[in-house]
Structure formats: C-alpha cells, structure tokens
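> Knowing the structure of chain C, use the given hints to seat chain P on it.
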Amino acid sequence: MIVLKSDRELAYMREAGRVVARVREELVKAVKPGVSTGELDSLAEDLIRKQGAISSFKGYNGFPACICTSINEEVVHGIPGLRRLETGDIISIDIGAEINGFHGDAAITVPVGEVDKEVQRLLTVTEESLVAGIEKAISGNRLSDISHAVQSTAEKHGFGVVRDYVGHGIGRKMHEEPQVPNFGLPGRGPRLREGMTLAIEPMINMGTHEVRTLADNWTVVTKDNLPSAHFEHTIAITDRGTEILTA
Amino acid sequence: MSSAREIQPGQLVCSKSGRDKDRCYLVLKVIDQYFVHLVDGDVRKLDRPKRKNIKHLQVLPTTAGELAEKLKAGESITNAEVRQAISQTIGNG
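Chains as they are written, first to last, in the working numbering: chain C, 1 to 247; chain P, 248 to 340.
One chain only, chain C, in its complex shape (with noise of 0.2 Å):
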C-alpha cells in the first residue's frame, strides 16, 4: 500500500528532509584525503544529534552506524571504520535522518582531491541521471517513468544500472511502498499522485551492473570491480509540482 502524505506529514518530512540536507553538506565539506570513514560516521551521528533527530540507519536490521560510506567500487552500505580516505578515490555517503517520526534519505558521491576523468564522467551522469528521474515525478506520470528516465539518462553514456537494489518510497518507515526501480519501460507501474514521497537513488556502475554482497553481509561492490557511484534525493508529489526535500 502507498502511503500518501497530508500537508502536516509533508511539514515533518520537510523537516527531516533538511536535517539530511545539512549533514550532508558539512560531510562533503569534511572529505578529505587521510579522514577516516569512521570519522565522517561519527561527525555525521554528532551533526544529527545537534539537530534534535536521530539516524534512520542506525540499528536499522543491524546496521552498525549513521551512514553508508562506499569506496570507488563499493557501490552501496558500506560500513564506516577505519579505512583512510586516498587522493583519487571516490566516496558514496549515504545519510538517513528520522524526526518527529518521519524520515529523511539522501545520498551523494564525492571525489576525494582530483580524480581520474572517466570516473568524473560517471559522477557527472549519475546525478544527471537523479535530475532526469525527479524531472519525471510528477503527478499523473507513471512510476516507471522515472526509472526509465535514469536508465536511459546512464546507458546512454555506456554505463551499467544497477538492478538488485532500488529506490523506495519513504515516510513514517524509512523503506515503504513503493519500490523505484532505475530501470524499465515508461508507463508502467503505480500511477503518481499528490501526496507520495519518494526516494529516488540511481545506482550507476562505470562497468557492468552486475553486483555482489562481500562476506559483511551489507557490503555491495560490483562484480568487475569498477567504480560505482550513488545519488540520491528524497522527493514529494505536491500540487504545486515536485519538491525535492533533501534539497
């Protein structure tokens, strides 16, 4: 069942929307070749904390931390600790905030110092591919629209989409219905209203897009070990358009 969200749950969302918006700018802010992830998952727990909301991951089926840091070919739930950030890597930072009951979801890829060209590339399409799905949430459209929008957007540069794991609709849980897939034929699927909220998360690999889990049981890393880069935004269906709340 979707849920769909009266203006008072909107308001909260929104809420939770910026919690996430502003842990999110202070992390990009704090990569750095020699920071730690663990260090970032910390700054990240004391940043939701100030804000009066806590981590939507945490404890979330066992999750041991704040956020979700995955290197280069780590494509999504990777575990913060003690790994050091390199010149040249690319780090995928995954925020869930929940306030006043209601959740929050983002995600970005950043380059650690001056990355390789192609690997830009791929950043650059990803969140090309995330503007292109949001552009096709709106009310009246199809949900697979939107995948289509973000597939087509990221092949069309020759990269690989994800499909094992998915975007979600989002609200007093942080995983509802329905699912958004980043892939698939327009059309099809639930029909957009006012009053979903979405989280849209295109999963982009530079190689194939076939993944695999390590033995942590969270850890995704693609199969030929090429970079993989992750976007994500938590989205509204309003009557006066699209609003992106972890803007």
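Honestly, the hints are just simulated from the structure, not real lab data. Keep in mind that a hint or two might mislead.
Unchecked claim - Only part of the chain C face toward chain P is listed, based on derived beta-carbon distances under 7 Å: (1) 6; (2) 12; (3) 42; (4) 175; (5) 183; (6) 201; (7) 214.
Said to hold, decoys possible - Computed cross-link-like contacts, DSSO-like style, restricted to lysine-lysine with a CA-CA straight-line distance of at most 30 Å: (8) C:117 x C:173; (9) C:58 x P:263; (10) P:268 x C:173; (11) C:223 x P:317; (12) C:58 x P:268; (13) P:302 x C:58; (14) C:156 x C:58; (15) C:50 x P:292; (16) C:117 x P:317; (17) C:173 x P:276; (18) C:173 x P:263.
Unchecked claim - What the simulated footprint calls covered on chain C by chain P, stretch by stretch (three residues with Cβ under 8 Å from a Cβ of chain P suffice, anywhere in the stretch; the number is not a length): (19) 20-28; (20) 82-94; (21) 131-142; (22) 152-166.
Glycine included, every Cβ here is placed at the ideal spot set by N, Cα and C.
Frame of chain C, contents of chain P only:
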C-alpha cells in the same frame, strides 16, 4: 539507503505475519513468484525449510553474501552457517 529489489536465495528476510512474526530467515529457494523456502538453521533447519508467502515477508536490505554465492553455485550450506549469517547481521529474538 536503497532496498533490495527482489527475493533471491541468500537474501535475509523477516516474517511480517503468522505465528513466526518478527522471526528472521535466510531464503533458501524461490519456488515461484509467490512462495519461497526459508531456513533459520535453528527452528527451521535445511532439511525442513519453511514454505512462506512472499507477501508475508519483509525483505531486508542485506544479503548473506557468501551463502548467496554458494547457493547460486549449487554448493551445500550448513545450519551453522545459516545461524551465523542471521545472528551476525540481525539476530533472532
């Protein structure tokens, strides 16, 4: 945090309804588009998997990586491995 798209062997899931509500399992086999076989290595061992409707499951965003590869390759897994995979990630209350 992205969610897992569809149920595959090795996927960790939680029961949403029934007498085993809130119990976590590993997907042993996907029977068809509606049903899966589940094991937890404890109450439901590999020789007596539980058949359950996918509708009554919450798919967790985590997969038992090594077990998923083994199941895919057709290798056998043990109850101890299943218990370990579940307790390591989520635990069974």
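> With reference to the structure, classify each hint as holding or not holding.
Outcome of the hint check:
no.	hint	in the structure
1	6	violated, 24 Å
2	12	violated, 19 Å
3	42	violated, 19 Å
4	175	holds, 5 Å
5	183	violated, 10 Å
6	201	holds, 5 Å
7	214	holds, 5 Å
8	C:117 x C:173	violated, 38 Å
9	C:58 x P:263	holds, 21 Å
10	P:268 x C:173	holds, 18 Å
11	C:223 x P:317	holds, 16 Å
12	C:58 x P:268	holds, 22 Å
13	P:302 x C:58	holds, 26 Å
14	C:156 x C:58	violated, 36 Å
15	C:50 x P:292	violated, 46 Å
16	C:117 x P:317	violated, 37 Å
17	C:173 x P:276	holds, 28 Å
18	C:173 x P:263	holds, 14 Å
19	20-28	violated (count 0)
20	82-94	violated (count 1)
21	131-142	violated (count 0)
22	152-166	holds (count 4)
Hints 1, 2, 3, 5, 8, 14, 15, 16, 19, 20 and 21 from the earlier list are contradicted by this structure; the remaining hints agree with it.
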